[in-house]
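Enquirer: Please build the complex by placing chains B, C and D on the supplied structure of chain A, with the hints as guidance.
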Amino acid sequence: MNELLLLSPEIVITIVAFAVLTLDIIWKGDQRSAKILPWVAFGGVVVALLATLNVWPASSSEFGIATDSAGLIPIMAVDKMALFFKVMALLTVALVGLSAVEYIEKNSPFRGEFYALTLFAGLSLMFLSSATNLVMIYLSLEFLSITSYILTGYLRRDNRSIEAALKYFLYGALASGVMLYGFSLLYGATGSVDLATIAVNLGSANVFLVVASVTLILAGFGFKIAAVPFHQWSPDAYQGAPTPITAFLSVGSKAAGFAVLIRVLVVALPAYSFNWTVILSMVAILTMTVGNLTALWQKDMKRMLAYSSIAQAGYMLIGLAAFTSQSSDNWSNGVQGVLLFLFAYLFTNLGVFAVVIVLENKLGTTNIADYAGLIRRSPFLSIALVIFFLSLIGIPPTGGFMGKLLVFGAAIDQKLYVLAGIGILNSVISVYYYFGVVRQVFFAQESDETPIQPGFVMNAVITVTMVMTLILALYGQPFIQFATDSADILAATF
Amino acid sequence: MPFDPSQIPIVQIVFFVMTACAIGGAIGVVSSPNLFHSALYLVLSLFGVAGYYVLLSAGFLAVVQLMVYVGAIAILILFAIMFARRLMGQGENQNNQQWWLSLPIVMILFAVLVGVVNTVSWPVSGAEPTGDTVMELGHAFLGSYLIPFEVVSILLSVALIGGIFLAREKVEAEEA
Amino acid sequence: MMPIPLSWWLTVSAALFSIGVYGALSRKNAIGILMGIELVLNAVNINLVAFWRYIAPTDISGQVFAIIVITVAAAEAAVGLAIIIALYRRRQTAVVDDLDLLKN
Amino acid sequence: MQSLIDWVLSFQNPWLTEPIVRLLSHLVFAPIVAVAAPAALIILTWLERKIIGRIQNRLGPNRAGPFGLFQAFADMVKMFTKEDITPANADRIIYNMAPGLGVISSIMTFAVIPFVPGFLGADLNVGLLYIVAIGGLGTLAILMAGWSSNNKYSLLGAFRVVAMMLTYEIPMVMTLIVVTMAAGSMSMAAVVEAQSGMWNVVTLPLAFVIFFMAGVAEVGRSPFDLIEAESEIIAGFHTEYSGIKFGMFMIAEYVHMFALSFFAAVLFFGGWQVPFVDVSSWSGPIGSILGLISLLIKVFSFVFVMMWLRGTLPRFRIDHLQNFGWKFLVPVSLFLVIVVAVVIRMFAPGSDVSVAGPLSGLVPFGEWVALLVANVLVVVVSLFVVSRVARSSQDKGLRAVAAIEGVSAK
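Protein chains in written order, with our numbering: chain A, 1 to 494; chain B, 495 to 670; chain C, 671 to 774; chain D, 775 to 1184.
So here's chain A without its partners, still in its complex pose (with noise of 0.2 Å):
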């Protein structure tokens, strides 16, 4: 297939990024801007989800573009699970962009950039989950995380947003430079900068050399994916930024360093004979032990979501070191279940934080004990709350429970025991925390009663987040299959 064809969503998606900056300089002062650059930037979004689609039954190759047959070095891959993390980031953008219409309308004066910039975003998480390259992978990493630097400092006159940006930045600097030492010490081992030729040459590498260079390299992504101990930054990036980009570094941001993690993971070291479950394993009952403990007494609802929020990291980390134990036949279990477990987890959490971006613009505020008496304001909102938390703790029948049910099932499977039970020790933990949230909403006692009607476009994002996470559940298994087929076809590429 073409290769401008296989690279048609990224080229769609930029083009309309630098298209809503041009219209945006070009209406300027103008309530167009406002209006109708939303819906632009969301067509492009639709537009180049169309042509993921379009590439899906081509997908499998690896390729670089070159002038010329000699010296070709692969950059990207296409393969179907890299579509599926390009699903997955242009539904978020479409849903983050969406929510954020009425929130940026009313905090900033500054629109144009907004959109573009979260479009960008997209689109470095489109490219980080197609690279197969160290070159490439660095790159759309710190692609990915200068505009999230940017888009946290958003609402620059508000001194919580500049500050959550200038921390993220400086966690987000070292950390990648801590990386980029890994991967310097990896390309040394190997002599090659391409995951595949990387895993050729691993064999006969130094143990001390890679055991030193995949730790700097964890560490890395351990930042991208708030896992403990790097998730300090996660908390206060969490509440300062603008709500929508909360939204979009709890769900984006996760879901592009494990896009990453798992082809490194995949295609790079599995030719190298070391055992990384254990590894994976400590970091997985840390991260979730740590997130749910601290959730417990949080009292500003993005603080409480951002811990939650690495608590889940933990339950998908699981998932990865049951993939990477294989001691039985069907090992590949882990992955997908990674997958189905993010896929819900995309529609949970960014219709949790719709539901918060209601209330922050009509309360202005986003303190858990404001929400009291919420159901007496608006039980729409309320019951979607719940089914959202419910989705966050597992329990059927929404789309986290379908999660769960893989991810702890193929732990299980590899004989994890320990690392499975206290993964559901965590989830009943969680409950706890959740439930404090639900309790103020239907039982607290508040003045005021006036009712709280979102608008329209947010009314819509709560509603498709909302029936998506109950269909997970309902009607899976088509999602099942789609999480299968990517994860099966990164199985036989490996």
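All the given hints hold, so there is nothing to weed out.
On the chain D side, residues computed to face chain B include the following (Cβ under 7 Å):
hint, residue
1, 899
2, 900
3, 903
4, 904
5, 906
6, 907
7, 910
8, 913
9, 917
10, 921
Hint data in this document are derived by calculation from the structure and do not stem from the laboratory. Remember, predicted model here, so these are calculated numbers, not experimental data. Virtual Cβ for every residue (Gly too), placed ideally from N, Cα, C.
Expert: Okay, now just chains B, C and D, sitting in the frame of chain A:
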């Protein structure tokens, strides 16, 4: 024994001079109590690293290092320090409370890294770089690495937009 | 002729890396931290170029990687300094310890 | 240079191995160039004062020596004997380092200039980038001077210089890219060689104009001499300097200007090439001498033009300067790079038919014409756009531009 001038280890001497610049500068960066001096030490260190690239027969990279790091990044940092003179907190301690904790951690890190790189038997290839590396770089950027090259260009535009957006003066609309 | 063994370069690079990490961990001013991070990136580049020269001199990838790192570092520094300046405008400080608005 | 080295090597002296000879030749010639450039300062200052005098209907210096020729020496003596003052709260070390760094950076640029066929300090394959890289050191020197003086005018002056240098470096690099594409190499010697058929100034006139404007701005000479806009910021970054240190900044400035003239001559006017005569093929020193004379004539013409500009044009205002740089020169030079790249691709010879450009048969004459046409086209289009913007600036256009800047359009 007569003195043989061809035995003068010129390359090694240059290496040690450059190391003095790079490492000495780096120590200055992290230890100077004056931020402006830190930035100038950074320039010294970057200069030493540029010298390394020349020794490693990567001349293009050396010039790029001077151009981008010294000519742009270091100047930008100096500019920011000058712009906000109070940033410097002149005379006061520039280290945070945890500095004594990070020192041993970093020492251990250094020891481990040095241990690792010195125990590995590197598969050094005796080959010389083929042909004109500048030409080869050009071919790489328009060949195999075309996509990263384009992505970098997008990234630079994003950084430009974001930098201007974040750092520009307050706009009237924001006051509303 | 390689008058300098590869391990010398790597040792220097490890030293620069450690000093940079120390700077990033111990400085209280955001610009000081940023400078530490620049040192880390330079250490990486020494590694990349040395490995290119000694291990894979016929494949230009190492140098390509180094150039990309330099470019990205420039973009990162630009955005980072913009954030620092924006913060300074509002808070008249860039000392990280003074930033305590975000907590529970 | 190589022939000289070969000649010394022919003695077969055990001490004179090739690297040693090479080192010695550098040790001999580098000081010559390094001293010759500042020495030209003596002529340049005299020339400048005479020319400006003529432009302003004055006689200029005429007391010391015939035609005032020794005026420069008198000035030098004055400068050496002046008291050397360091402000009380200055950052002493940096304050004293800055002038030296300024001079060094300006002299270092001469390392890559091809004076005559086969003679240049270092034929770097990245010579063009080297110029830009070394330019950064000059900026650094000015920043150091401005900061360490502990004087707000110095600081402001330094800010202005850096803002200006960063702005005008971009169009300058763009024109260097154009020259690189035309020559197919970044080596200065190769650039001169590539102009043996036709000088770049004929095929790439716009690139030359942009290069020269950006260059004059980089050097900080009138009409871009905001660094030392005495009516606004006294003397800018060197307000506090006196005596020999001030003299060093003077030297740096003139050497910079001299170097810029060299670059303009080398990059666009064929360097040592003499029109219609191929001096590089002549054996013996005559060809070299002729080449050097040709180069110097070109160089001094540029020096004259710069002095002429100084005598004629008023100073830019700082915001106008930035606007001109960012909103006109940068876009136009970017546009030019793209257009020239396309034209050169069309005429590219290529290793085989499949990668050769469609018009490669028409090289070189067709390429020259096409490049010229492309340049003129870029000029026409950009002027058209500028006039459109200017005409509608009363309403939305200016507001759009102002909004980008963050300046309210009142």
